[in-house]
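Single-letter residue listing:
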Amino acid sequence: MNWPLVLDPASADATQIANLSWTLLAVVGVVFLVVCAALLVAVFGSSTWRSALAKHGTILVAGFAVPVVVLTALLAYSLVLTRTLSSGADVPSMRVQVTGEMWWWRIDYLSSDGQTILREANELHIPVGHTVALELVSADVIHSFWVPQLGGKKDMIPGRRNILHLSADTPGIYQGQCAEFCGGPHALMGLTVIAHSPVDFDQWLLRRQNAPQPPKDVLAQKGAELFLTTGCAACHVVRGTAANGEAGPDLTFIGARHKLGAGILPNNRGTLAGWVADSQAIKPGNRMPRYNMLTGEELQAISAYLEQLR
Amino acid sequence: MKTWGYLLAPLLVWVMHFGSVYLCAEFAPAILKAIVPILTGLGLCANLYFFIRAADSRSWHTTILRRGSLISSIAIVWQALPIYL
Amino acid sequence: MNEKHTFDERLYDRFPTKKPGTKADLAELEKIWCAPKGWQYLTAVSNNYIGFYYLVTAFVFFILAGVLALLMRVQLAAPAQKFMSPEVYNQVFTMHGTVMMFLFAVPAVEAVGVLLLPQMIGARDLPFPKMSAYAFWIYLFGGTAFFASIFIGLAPDGGWFMYPPLTGRIYSPGISADFWLLGIGFIEISAIAGAIEFIVGIMRTRAPGMTLDKMPILAWALLVMSVMIIIGFPSVILATLLLELERAFNWPFFDATRGGDPLLWQHLFWFFGHPEVYIIFLPGAAMLTMVICAISRSDVIGYPLVVLAMLATGFISFGVWAHHMFATGIPDVSVGIFSAASTAVTIPAGTLVFSWIATLAAGRPNLNAPGLFAIGSVVVFVTGGLTGVMLAFVPFNWQAHDTYFIVAHLHYVLFGGMVFPLFAAIYFWAPAVSRYPLSDRTGKWVFWLMFAGIHVTFMPMHFAGLMGMPRRVYTYLPAQQVETLNFLATCGAFLLAVGVGVFIIDVIRNFRFTAGGGNAGNVYGGGTMEWLPSGLYSTRSIPVVKSRQPLWDDLELSKNVEQGRYFLPRSATGLRETIMTSPILAEPQQLLVLPGPSVWPITAGLFTSGFFLLLTVQANVAALTSGVFAVASILIWLWETDRPIQMKTADIGAGIEVPTHSAGRLNHGVWATFAMLVVFAMIFSMAVFALLFLWTNQNKFWINPPTFVSSSGVFVLGMVALFLSIGARWLLLKSENVLIAVGCLASACVLIVLGQLFDFLSWRQAGLFPEASGQGAIVYGMMAHQASLIVLSVIAAFYAVARAWAGLVTKPKSVVVDICGLILAYTAAQGLAGSAITRMLMAAN
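Residue numbers (this note's numbering), protein chains in the order written: chain R, 1 to 310; chain P, 1 to 85; chain D, 1 to 845.
Possibly wrong hints are sitting among the right ones.
What the hints assert, rightly or not - Computed list of lysine to any residue pairs in SDA-like fashion (alpha-carbon distance at most 20 Å, straight line): (1) Lys-2/P with His-5/D; (2) Lys-734/D with Trp-60/P; (3) Lys-55/R with Arg-548/D; (4) Lys-259/R with Gln-480/D; (5) Lys-214/D with Trp-60/P; (6) Lys-33/P with Val-43/R; (7) Lys-2/P with Val-227/D; (8) Lys-444/D with Leu-40/R; (9) Lys-33/P with Asp-332/D; (10) Lys-82/D with Ala-281/R; (11) Lys-546/D with Lys-33/P; (12) Lys-700/D with Gly-159/R; (13) Lys-4/D with Ala-30/P; (14) Lys-444/D with Val-80/R; (15) Lys-33/P with Ser-334/D; (16) Lys-82/D with Asp-278/R; (17) Lys-546/D with Leu-8/P; (18) Lys-546/D with Ser-59/P; (19) Lys-4/D with Gly-5/P; (20) Lys-4/D with Lys-33/P; (21) Lys-55/R with Arg-58/P; (22) Lys-214/D with Lys-33/P; (23) Lys-55/R with Ser-59/P; (24) Lys-700/D with Ala-766/D; (25) Lys-33/P with Val-80/R.
Since the hints were derived computationally from the structure, they do not count as laboratory data.
Let the hints inform the model, and build the full structure from the sequences given.
Below is the structure:
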């Protein structure tokens, strides 16, 4: 078993929250022990001890005065921290719009004037040491954006645009998940955040703005054709091809993602084929129909095509 | 009625304080910072008054009034904290 | 004490009387309060029966919802299991939460109240026995039908919190969400009926001498709970009404694309939802207090502090609702305000805990089954309370919100604050309603199994939450590394279930219900009045109360009560009756005649349930027919309850004479009407909140309202109606002419209807339509609420006219005129306020 993610922070904000959590855990632990000790004394203690407990004054001190002092201190600590966290000390260096969709994430990297410069899905890339302003919106029902190691969660509510500042201290891969019940396979609405060094990030962003090379091997070429003819293209975009459906996740660089199906499966040729053939068995209720009428070869071709989109 | 006044007055102070601070934050946030000290001050004065009223008697409902004004005062001071911290 | 004395306290010295009550009087009491036979069990209204039915039903729902919990734990025992599809799992977790909250927890505490409260405060029954019966039957019929939806796969699946848009018509087509909205909507009627009953019962039917400071803690808790119910429940009634209107007629209250707001639902729901937790907890805490007193043989240490803690909890709990919404992006300042209030609400809880500890320390606590459950509850409740304090702090809440940490927290609180106290109460009070006590030895087994079960189930969930496991998930992945924790939790859940199973065996072996005499008696040595020897008529005579633990302080009390040496040793009128006393000093004011068995509460319950359930399946004509039958049943019940009594005054013992009838402020029906109007006023206030909320947040969809001048007719009609309905009472007093008074009421009713019509037309003329925008939806929604009150007013006016026709309206004072006048006056006033407020909110320029 791993260390709880909430207490294993990887950003400045999450570290501050982890510190608060530790403080709270410590205080609460001490109070719990004191109450249990008092209960034991009340039931089994000597009569002197018990008569000391059975006083009006004891109730006032232990049940009123002490909690007031402790809670005032904690409240002040937490209010100041709340203010620090939500006002955001650092000026964000980048805007990303994250749209909650039933049961995946649409991710738009924005220019400073709000134009989409890159559309991706289910995987958010950020530069280490920079603050990213996430603009959280929803396309259907309420979702909630949560990556425990990088900070607290924030809801994505239809009709609102909530801002969440996100940053990471060290390069790495951080798992997140939708935290507001959104029906159906809410449990399988995962998210991956990948933090790069600033240099790597810039390279990554440049690379992603161009469309991938057309497939070279025969199998993948056949897959590309099938992708356009069997219906995939009606819901998915692959830039540089005729596939321009907007309903589902953008698949331009699907082969480069760490996970499939919104953060739930490892990404390889086998899982790609399995997902295309019967995603309903893997993630029941998701919006993609079964393609189990495709033959084994056709599935292999499509997965070979998807895998080389990187 | 007076007995109920003893039992509930400080709590009603809390309710009115909470209600006005919340409604102000929700519907008129611009004047919040100016108005809260007045509200909290009024609330504290009311509670002080109740405390003094009840100070010379030891019956059960004046005990409630004294303790109630304490709880109410603490709670309204806490209520004002987030506006300035 | 500052209430004016209306009764010479020296008269109390006549008790206990020298002369005991006679055998013939006892025989008459037994005849009047006789046990039902065969089918009569369905028409019984006495609290001895209804309370028991209530408790059994609530417990059955506890078992059913518990089985659902076990199913969930099986599904979550290992990662990526396929035991249940997400479709089924979502229904199961929604039903688990909904049933536990609405069909178990609230009804269970109300059941304990119905069963024990009258005896505890020395009344023969609750003041409105037919209403308790009605409340029970709609709960039984409605609850059963609601639960059955899971067997046909139509159970709601949007969570017990039902957030739109997920529960709106687009994302939840079909009738499953309607089951929730209508089903729960009217089960709340049952809770509110119970609450009104408790308020009037506690304020007006306490035994003589039981001043407020001598009230048992449970009575205090039920009083605070009841007031919280009539303040808090209206909010969710409004919310369900609005969402149902949105689903059925496409009125966009919560649709952001048309000027609604999904957050409005969350405000309305949690304004009810968080006080709900304390509504459940306060009676639990009070049961705990009373059991602790009994097992440690000491009165509560710090009684005023406990009372204050309960009052303060009741108040502050209404200022914490948005701590369920810290992550929704509401402004920082609001977040802080709610964080502070959530912190404040823990102070009274701390006081309660230390007062329990002090009371335990004051005696030598007996570690029998109720004792173990009581001490165990303190430990479990404190654990849940402390994690609750952590959650009040916003940054931590941002991490822990909607994770398994919350699941752990809330189950600790509910087990420690309600379930364990209930088990303590069942072991403690079972001897009062059973021929044999439950087995103390088995009870200890039950305790240890459940106590261990709770910790094994819920302790690991804290860690699962911090590991990043959200709530309401039908499965999780191996990569999340929470399988060990979840497997442990599943084992714990079964351990808990075994504990409950052993308890059921104990009940089957030992529990033999007896409403009248022959119960096992005061096995655990309690000191309050429910332990006086009693029959179906409650106690043989009603004692003068001189302390909080009268049985401990007056060892002769039981004997004297049983010999009929106190108040009301016989039936003065030959009917069921109890003493009505003043609200603070509990001085005898009136003899209250109570109704006996009747078939109408059950038919009314049946047809009310029919109305709502038929609406759910959109059989509108059948629903309406059923509704008409429900109203007819209620009217017949009112008619037969409101019978003229020939005797003007009656001897309630030792030659003390009190009136048998009252009108105006003294009348218990007027009190109940006031409480009911508070419910309507709260629904109205929440609607005004919704109006302001949409106006500030979605102003761009707003149009300018009709001007006051153009709709002056609405206001003139309303004012006249208001004056007429208030004036009816006064005119009756002055002129002693029934025709004039009832005529006033009838014409007020007509004017109110006309005013509403004008209001409606003027909005249509201004170009506002309900489907068009949030403004349209809420304005017409408020009119719909007003229309439902108008229906009530029409029925009230019709009833008043019919009573006058039958020559049953008394003069110069009449309860019928008082109550109908109140209802009409309120309706007129609400109409005026609604029309005015909606016309004051302008569109942005």
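For this session: Mind listing which of the numbered hints don't hold for this structure, in increasing order?
Result: 2, 6, 11, 13, 14, 17, 20, 22
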